[in-house]
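Chemist: Here is how the chains run, residue by residue.
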Amino acid sequence: MTPPSLEGYRGPARAVLERFNVGVWDDVGVECTGGRFHGLILPRSEVADDRHVVLKLSSGYNFGVRASKITHVTRLGHRDVQYRIAEKQFPINASRPQVLLLGTGGTIASRLDYRTGAVVPAFSPGELYSSVPELAELCNLRTENLFSVFSENIGPQHYIPLARRIADEIAAGVDGIVIGHGTDTMHHTAALLTFMVQNPPVPIVMVGSQRSADRPSSDAAVNLINAVRTAATGNIAEVLVCMLGPTSDEYGLLHRGTRVRKMHSSYRSTFRTIGDIPVALVDPGGIRFLRDDYPRRRRDRHCTLNTAFEERVTLLYCYPNMQPDMVDALVERGYRGIVLAGTGLGHVNRPLHPALRRAAERGVHLYMTTQTLWGFVNMYVYETGRELMDLGVVPLGNMLPEVAYMKLCWTLGQTDDREQARRIMLSRVCDEITNREPYHGYLVFQGAIPEVQEFLRKVKR
Amino acid sequence: MTFAFKPFDEMTPDDYANLGLRCGLEIHQQLLTRRKLFCHCPAGRYRQEYDAEVLRHMRPTLSELGEVDPTALMEKKTRKNIYYRLHQETVCTYEFDDASPFFPDEQAIDISLEIVLLLHLHLVGELHIARKQYLDGSIPAGFQRTALLGVEGWIPYRDRRIAITHASLEEDSCREVSDVGHDRVWLTDRLGMPLLEMVTAPELHTPQEAAEAAQLLRLLTRSTGKVRTGPGAARQDVNVSIRGGTRVEIKGVAQIKRIPLLVYNEARRQCALLSIRDQLAARGLRDGNVDWSAHDVTRTVTKTSYPPIQAALARGHQVRAVVLRGFAGLLNHPTQEQTTFGKEFSDRVRVIACQTERPNLLHSDAGSEFLSVRQWKELRRRTETHDQDALVLVWGEPADVILAGQEIAIRAQEATLGVPSDTRQALADGTTGFERVLPGPERMYPDTDLPPIVVEDERVDRIRRTLPLPIWERRDRLAKLGLAPAAIDRLCLSARAGIFERVVGELGIDPVFAASILVERFRAWSRRGLRPEALTDDELYAVFQGHRDFTISREGVRQALFGALLRRTGAGAAHSPVVAGPSGCASVPRDDADCARLIDGVMRSSGARRFATRAARQRFLMGQLMPFMNGGVDGRRLSELLQARLGLVPADSARERTAP
Numbered sequence: 283m284t285p286p287s288l289e290g291y292r293g294p295a296r297a298v299l300e301r302f303n304v305g306v307w308d309d310v311g312v313e314c315t316g317g318r319f320h321g322l323i324l325p326r327s328e329v330a331d332d333r334h335v336v337l338k339l340s341s342g343y344n345f346g347v348r349a350s351k352i353t354h355v356t357r358l359g360h361r362d363v364q365y366r367i368a369e370k371q372f373p374i375n376a377s378r379p380q381v382l383l384l385g386t387g388g389t390i391a392s393r394l395d396y397r398t399g400a401v402v403p404a405f406s407p408g409e410l411y412s413s414v415p416e417l418a419e420l421c422n423l424r425t426e427n428l429f430s431v432f433s434e435n436i437g438p439q440h441y442i443p444l445a446r447r448i449a450d451e452i453a454a455g456v457d458g459i460v461i462g463h464g465t466d467t468m469h470h471t472a473a474l475l476t477f478m479v480q481n482p483p484v485p486i487v488m489v490g491s492q493r494s495a496d497r498p499s500s501d502a503a504v505n506l507i508n509a510v511r512t513a514a515t516g517n518i519a520e521v522l523v524c525m526l527g528p529t530s531d532e533y534g535l536l537h538r539g540t541r542v543r544k545m546h547s548s549y550r551s552t553f554r555t556i557g558d559i560p561v562a563l564v565d566p567g568g569i570r571f572l573r574d575d576y577p578r579r580r581r582d583r584h585c586t587l588n589t590a591f592e593e594r595v596t597l598l599y600c601y602p603n604m605q606p607d608m609v610d611a612l613v614e615r616g617y618r619g620i621v622l623a624g625t626g627l628g629h630v631n632r633p634l635h636p637a638l639r640r641a642a643e644r645g646v647h648l649y650m651t652t653q654t655l656w657g658f659v660n661m662y663v664y665e666t667g668r669e670l671m672d673l674g675v676v677p678l679g680n681m682l683p684e685v686a687y688m689k690l691c692w693t694l695g696q697t698d699d700r701e702q703a704r705r706i707m708l709s710r711v712c713d714e715i716t717n718r719e720p721y722h723g724y725l726v727f728q729g730a731i732p733e734v735q736e737f738l739r740k741v742k743r
Numbered sequence: 003m004t005f006a007f008k009p010f011d012e013m014t015p016d017d018y019a020n021l022g023l024r025c026g027l028e029i030h031q032q033l034l035t036r037r038k039l040f041c042h043c044p045a046g047r048y049r050q051e052y053d054a055e056v057l058r059h060m061r062p063t064l065s066e067l068g069e070v071d072p073t074a075l076m077e078k079k080t081r082k083n084i085y086y087r088l089h090q091e092t093v094c095t096y097e098f099d100d101a102s103p104f105f106p107d108e109q110a111i112d113i114s115l116e117i118v119l120l121l122h123l124h125l126v127g128e129l130h131i132a133r134k135q136y137l138d139g140s141i142p143a144g145f146q147r148t149a150l151l152g153v154e155g156w157i158p159y160r161d162r163r164i165a166i167t168h169a170s171l172e173e174d175s176c177r178e179v180s181d182v183g184h185d186r187v188w189l190t191d192r193l194g195m196p197l198l199e200m201v202t203a204p205e206l207h208t209p210q211e212a213a214e215a216a217q218l219l220r221l222l223t224r225s226t227g228k229v230r231t232g233p234g235a236a237r238q239d240v241n242v243s244i245r246g247g248t249r250v251e252i253k254g255v256a257q258i259k260r261i262p263l264l265v266y267n268e269a270r271r272q273c274a275l276l277s278i279r280d281q282l283a284a285r286g287l288r289d290g291n292v293d294w295s296a297h298d299v300t301r302t303v304t305k306t307s308y309p310p311i312q313a314a315l316a317r318g319h320q321v322r323a324v325v326l327r328g329f330a331g332l333l334n335h336p337t338q339e340q341t342t343f344g345k346e347f348s349d350r351v352r353v354i355a356c357q358t359e360r361p362n363l364l365h366s367d368a369g370s371e372f373l374s375v376r377q378w379k380e381l382r383r384r385t386e387t388h389d390q391d392a393l394v395l396v397w398g399e400p401a402d403v404i405l406a407g408q409e410i411a412i413r414a415q416e417a418t419l420g421v422p423s424d425t426r427q428a429l430a431d432g433t434t435g436f437e438r439v440l441p442g443p444e445r446m447y448p449d450t451d452l453p454p455i456v457v458e459d460e461r462v463d464r465i466r467r468t469l470p471l472p473i474w475e476r477r478d479r480l481a482k483l484g485l486a487p488a489a490i491d492r493l494c495l496s497a498r499a500g501i502f503e504r505v506v507g508e509l510g511i512d513p514v515f516a517a518s519i520l521v522e523r524f525r526a527w528s529r530r531g532l533r534p535e536a537l538t539d540d541e542l543y544a545v546f547q548g549h550r551d552f553t554i555s556r557e558g559v560r561q562a563l564f565g566a567l568l569r570r571t572g573a574g575a576a577h578s579p580v581v582a583g584p585s586g587c588a589s590v591p592r593d594d595a596d597c598a599r600l601i602d603g604v605m606r607s608s609g610a611r612r613f614a615t616r617a618a619r620q621r622f623l624m625g626q627l628m629p630f631m632n633g634g635v636d637g638r639r640l641s642e643l644l645q646a647r648l649g650l651v652p653a654d655s656a657r658e659r660t661a662p
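Chains as they are written, first to last, in this note's numbering: chain A, 283 to 743; chain B, 3 to 662.
No lab work stands behind these hints: they were computed from the structure.
We put the beta carbon where it would ideally sit given N, CA and C, even for glycine.
Possibly wrong hints are sitting among the right ones.
Restricting the straight-line Cα-Cα distance to at most 20 Å, the calculated cross-link-like pairs of lysine to aspartate or glutamate (DMTMM-like) are [stated by the list, open to error]: (1) B:K228 <-> B:E199; (2) A:K742 <-> B:D185; (3) A:K351 <-> B:D185; (4) B:K82 <-> A:E300.
Between beta-carbon pairs, the in silico distance windows are [stated by the list, open to error]: (5) A:I731 <-> B:D112: 45 to 55 Å; (6) A:A730 <-> B:Y48: 16 to 26 Å; (7) A:N303 <-> B:E460: 26 to 36 Å; (8) A:A730 <-> B:A256: 27 to 37 Å; (9) B:G290 <-> A:I731: 30 to 40 Å; (10) B:E178 <-> A:R594: 54 to 64 Å; (11) A:F737 <-> B:D11: 49 to 59 Å; (12) B:T358 <-> A:F737: 29 to 39 Å.
Produce the entire structure from the sequences given, and follow the hints as far as they go.
Modeler: The structure is reproduced here in C-alpha cells:
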C-alpha cells in the first residue's frame with residue numbers, strides 16, 4: 283500500500299497525519315481537546331502555516347483543525363478526487379473559420395491548485411467547449427498551450443517563440459489567432475507582437491480575464507467569445523486586445539495593440555485605449571467598427587516577422603529628487619537603452635542631467651515618454667526639455683511608456699547605431715505614435731459631477 | 003402513502019409523528035457591526051435609490067471536487083440578465099465584484115465567536131473562507147464568501163437538546179427588486195453585511211416546535227445585544243421532510259410566526275406528491291421513465307379566445323403542447339391549500355424558462371373553462387394525445403417554450419420518483435413556490451483571495467470571559483424571580499437586560515417592579531413617541547438607587563424617568579403639568595450651589611406643594627431631581643441638600659456630613 287499523501291503539510295500538522303497514518307483525501311474522524319470533527323483531509327497550501335490540518339465537511343465547508351489539539355484520528359475511508367473540467371469533443375464543421383487559441387497562462391481558463399491555493403491555467407478545445415459551448419458556433423477551434431506563466435513572468439524566451447508561431451500559423455493558413463494571456467502585461471505583449479509580426483493578413487487577438495474563470499461572474503467566457511468572434515470573422519488584420527468595454531457584461535472593445543493599457547488593478551473594464559479611440563465594439567451581434575483606418579483581412583499568407591530583442595533596456599519612472607547615480611548604475615551595468623517616463627511634457631529633475639549626458643556619451647540610447655500617459659511629450663516648451671534633447675534624449679510623442687520600452691527592446695535588437703535606432707523608433711508601425719489626439723481620446727470622468735452621474739444612472743458601464 | 007390531512011388547527015403532534023415530519027432550521031442573523039464583512043462600506047444603511055446599474059450574467063463553474071452543482075446548471079438554463087443597482091453611499095467596487103475582498107471585519111468575527119460559544123459548538127482552529135455559488139444573481143460575484151466557525155453544538159429545548167450542526171459567518175446577499183422575464187434586478191445595499199448562519203439538525207417534529215426553536219435561537223442572538231434587529235435582520239430557512247419524502251428548504255421566512263403554517267403546507271405537499279407518485283406507479287410510470295413529446299401547436303390555437311394565448315399570438319410567440327403519457331387527471335391533484343399539482347409545472351416554467359407572467363401554462367385537466375371542448379379535441383388529435391394522457395400548453399419566445407417543454411418533462415419524470423429536493427420560497431398565504439433546485443455541497447469551493455485565519459486561543463479565551471448568561475439560563479433565572487413569561491422574553495430581547503441585572507442584583511430592587519419599568523413602561527413610552535434609549539444605564543441606575551435609598555415612590559421613579567424623557571425628546575412644554583422639570587437648570591449640577599438652584603427650580607415648578615407631608619414631598623422631589631444628576635454630584639449629596647431645604651434635617655448636618 284502506498285503511504286498516504288501529505289501534500290503541502292509540514293511541521294506539526296504533518297507529524298500528526300504521520301502519527302495516525304492518514305493523508306490527503308482520507309475521510310477521517312478527528313478527536314480534539316475541543317470536540318470531534320468529521321471530514322475529508324484536504325491538501326494544505328504550501329504558503330499556509332504548519333499548525334493546522336484542513337478538513338472538508340460533507341456540507342462542503344473547509345476549516346482548519348489545530349494540530350496541537352488533535353488527540354486521535356480515525357481513518358474512515360478514502361476518496362480519490364480529480365479536479366477536471368469535463369472534456370467534450372469540439373465539433374468540427376468545414377464551413378467555419380479555423381481559429382487557433384494559443385495559451386500563455388493567466389486566467390482565461392483556469393482551475394484551482396491546492397498546493398498554493400491558487401488558480402492555475404488549464405485548457406484544451408474539449409475543456410473549453412464544455413465550459414464555453416458558444417465557441418463551436420463561431421469557428422473550428424484548435425488550442426495549444428505554449429507556456430503556463432503568469433504574465434509578469436513573460437519575457438523574450440516567450441515573446442520570440444510566440445511571434446514565430448504566429449507567423450508559421452499564418453503561413454499555414456489559419457483564419458485568426460487568439461492569444462490567452464494574463465492581463466498584467468498583456469499590453470506589453472500586444473505592443474511587441476505588433477512590432478514583431480507586421481502586416482499580418484488575419485486578426486491576432488489577445489484576451490484574458492480580470493475575474494478568474496473558476497467563478498460564475500467571470501469575464502473569461504464573454505471575453506473569449508468576443509475574441510474568438512473577432513479572430514474568426516473580423517474583417518481586420520492587426521494585433522488587438524479584446525476585453526470587456528464596460529464592467530457590465532455587454533460588449534467587448536477591440537484595442538489597438540500599441541495604444542492599449544491596463545488601467546485598473548481589478549476592474550473588468552481595465553483595458554483602455556489611451557490617447558485615441560478603440561477600433562471596434564464586439565458583442566453577440568457582431569463587430570461594430572468605430573473607425574475606418576484599420577488594415578483589412580487579406581487572403582494572402584504573408585507577414586513580416588522580425589523577432590529582434592535586446593534585453594538590456596529599461597523603463598525609468600521619473601520623480602522629484604531622483605538621484606543621478608541611478609542612471610550611472612544602469613550604464614555601469616551595461617544597459618543599452620533607457621526609456622524615461624518623464625513628468626508632464628517630458629522632464630526629469632536637473633541633477634539627473636549630467637548623468638544622462640554621461641550615459642549618452644557611453645552610447646546609451648535615451649528616449650522620453652510621459653508618465654501622464656495621455657498627451658504628447660513636448661520638450662521645446664521649457665528650457666529643461668531643450669537641454670535634455672541636447673543631451674541626446676529623443677522625445678517619442680505620445681508613445682506610451684510601456685510601448686516605448688518594448689519598441690526600444692525590439693529596435694536595439696536590430697541595431698546599435700544611434701541614428702538608425704532613432705529612425706526605427708520614430709517610424710510608425712501601427713499608431714504607437716499618432717499625429718493627432720482626437721477630442722474624445724482623453725476621457726477620465728470624475729464622479730459626483732451632475733452630468734457624469736446622469737450618465738452613470740442611464741448607461742450601464 | 004395514505005394519510006388523511008386535517009386542517010392546520012386540528013393537527014396533533016401524533017399526526018405529525020405518523021407523517022414522520024422532520025424540520026431543521028437555518029437561522030441567518032445580521033451582526034451589529036460598523037462595516038461590512040469584506041469591505042469598508044458602512045453596514046446597515048438601506049436605500050431604494052441608486053446612482054448606477056451594472057449588468058452581469060452568471061455561468062456555473064466546477065467545485066474543487068470536480069462536480070457541477072445541479073442548481074448551477076439550472077440557473078444557466080435561465081439565461082437571465084442580472085442588473086445591480088448601486089448607490090455610492092452603500093457599496094464600493096468590492097460588492098459588484100470589481101475588486102478583491104479586504105480582510106474580514108474583526109468585530110464580526112468576535113460577535114460570531116461569542117454566539118458560537120453560546121451554542122456549545124466545537125470551534126474550528128482556522129477559518130477558511132469558502133465560495134458558495136449562487137447563480138440566481140443575489141451576489142454579483144456568483145458566490146457568497148462564507149467561513150465555518152464551529153460544528154456539533156446544541157441548545158436545550160423543553161426536556162431535550164436540539165443539535166446545532168454548524169454555524170458559519172457569511173456575507174449577506176442583495177435584495178431583489180424585480181424578476182420579470184429574463185431580467186432580474188437587485189439592490190446592493192444589504193450585500194456584504196455580516197451574517198451569522200446557525201443550522202440545526204432536523205430534530206423538530208411539529209411545525210410549532212420549529213417555530214419555538216427559531217424563537218429560542220432568535221432570543222439567544224438578540225440577548226447578546228450585538229446583532230441587528232428590525233425587518234429582514236434575521237431570516238429563517240426551514241428544512242422540511244416527511245417519511246418517504248425529501249429534504250425541501252423553505253427559504254427566507256422573515257417572521258417566525260409564519261413558520262408553522264408553511265411547515266404544515268410543505269408536509270401536506272410532500273404527502274400529496276408521494277400519493278401522486280404511487281398513482282403513477284399504479285399506471286406503470288416509475289423510476290423517472292415518462293413518455294413525453296412536445297409539439298408546436300401555434301397554428302392549431304389561432305382561434306382561441308383564451309386571453310393569455312391570444313396575447314402570445316399577437317406578439318408572434320409560439321404555443322407549444324407537451325404530452326405527458328399517462329398523467330391525465332393528476333394535474334388537478336391538490337398539493338397545498340388552494341394549490342394543485344399543476345402549479346409545480348407552472349413554477350418550473352416560471353423560474354427556469356423565465357415565463358414570469360401568469361398564467362404561463364394551461365393543462366388539459368383544467369377542463370373546458372379556458373379552451374373549448376372542440377379546441378382540446380383538435381389539440382389532442384394533432385398531438386396524438388389519448389384520454390389517459392395529460393396535455394400542457396405553454397407560450398412564449400420559441401427558445402423559452404422549448405426549454406419550458408423540457409422542464410415540464412423533467413418535472414413529470416421527478417413526479418414518478420416522489421418529492422424533488424427544491425429550495426422553495428415562502429408565499430404570503432402560507433404555501434410555498436418553487437425557487438430553485440436545492441443546491442448540494444458541490445457548490446462550495448475555497449476562496450483564493452484570502453488566506454486562512456487562525457482562531458487564536460487567546461481570542462477565544464477573551465470572548466469566553468465576558469460571555470453573557472445563555473438565554474435559557476437567563477430565562478430560568480427570570481422565571482424564578484417571578485417575572486411573567488411575556489416579560490421574560492421582552493426583557494431578554496431588550497437592550498436593558500444588563501441594567502435590569504444590576505439594579506436587581508446590586509440594589510435589591512424588586513425584579514417585577516424593575517421589569518415593569520424597563521420593559522412595560524419603556525414600551526409604552528416608545529409608543530408615545532418618546533425615546534427611552536436616550537436614557538443611559540447609569541442614569542437609570544441612579545434613579546433606582548434613589549428609589550432604594552430615599553424611598554422615592556414607585557410612581558416617583560416613573561415620573562422622574564418620564565419627565566427626563568419628555569425633556570430629551572423636546573416635547574416637555576406640552577406635557578409640563580406631569581413632569582414640571584426645573585427650568586433654568588439644564589446643566590448638570592457640579593456643586594452645592596448648582597444643587598440648590600436645581601432644588602429651587604424643581605420646588606417652584608413641579609407642583610410638589612400638592613403633597614401633604616414633607617416626607618411625601620421629599621420623595622416626589624427627589625424623583626424629579628434624579629435625572630439631572632447625570633455625571634454631576636452624587637445622589638446622596640443632592641438628597642441631603644433637598645432634605646435640608648425641606649427642613650427634614652438641619653442644614654448644618656448636611657454640611658457636616660460632606661466635610662472631608
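Chemist: A range of 45 to 55 Å was offered for this pair. Does it hold for the Cβ distance of I731 of chain A and D112 of chain B?
Modeler: This hint is violated: roughly 41 Å between Cβ atoms.
Chemist: Is 26 to 36 Å a correct range for the gap between the Cβ atoms of N303 of chain A and E460 of chain B?
Modeler: At 33 Å between Cβs, range holds.
Chemist: Look at the Cβ atoms of G290 of chain B and I731 of chain A and judge whether their distance stays inside 30 to 40 Å.
Modeler: violated, 60 Å
Chemist: Measuring from beta carbon to beta carbon, are A730 of chain A and Y48 of chain B in 16 to 26 Å?
Modeler: At roughly 21 Å between Cβ atoms, Y48 of chain B and A730 of chain A fall inside 16 to 26 Å, so the hint holds.
Chemist: Could one say that the CB atoms of E178 of chain B and R594 of chain A fall in the range 54 to 64 Å?
Modeler: 59 Å Cβ-Cβ, so the 54 to 64 Å window holds.
Chemist: Given the hinted pair K82 of chain B and E300 of chain A, is their alpha-carbon gap at most 20 Å?
Modeler: violated, 50 Å
Chemist: For the pair A730 of chain A and A256 of chain B, does the Cβ-Cβ distance stay inside 27 to 37 Å?
Modeler: holds, 35 Å
Chemist: With the threshold set at 20 Å, check whether the alpha-carbon distance from K742 of chain A to D185 of chain B stays at or below it.
Modeler: holds, 14 Å
Chemist: Quick check on a hinted range of 49 to 59 Å for F737 of chain A and D11 of chain B, using CB atoms only.
Modeler: holds, 58 Å
Chemist: Under the criterion that the straight-line Cα-Cα distance not exceed 20 Å, is the pair K351 of chain A, D185 of chain B satisfied?
Modeler: Violated - the C-alpha atoms of D185 of chain B and K351 of chain A are around 51 Å apart, more than 20 Å.
Chemist: Is it true that the C-beta distance of T358 of chain B to F737 of chain A lies inside 29 to 39 Å, as the hint says?
Modeler: With a Cβ separation near 30 Å, T358 of chain B and F737 of chain A satisfy 29 to 39 Å, so the hint holds.
Chemist: Does the structure keep K228 of chain B and E199 of chain B at a Cα separation of 20 Å or less?
Modeler: holds, 15 Å
The structure fails to meet hints 3, 4, 5, 9 from the earlier list, while all remaining hints are met.
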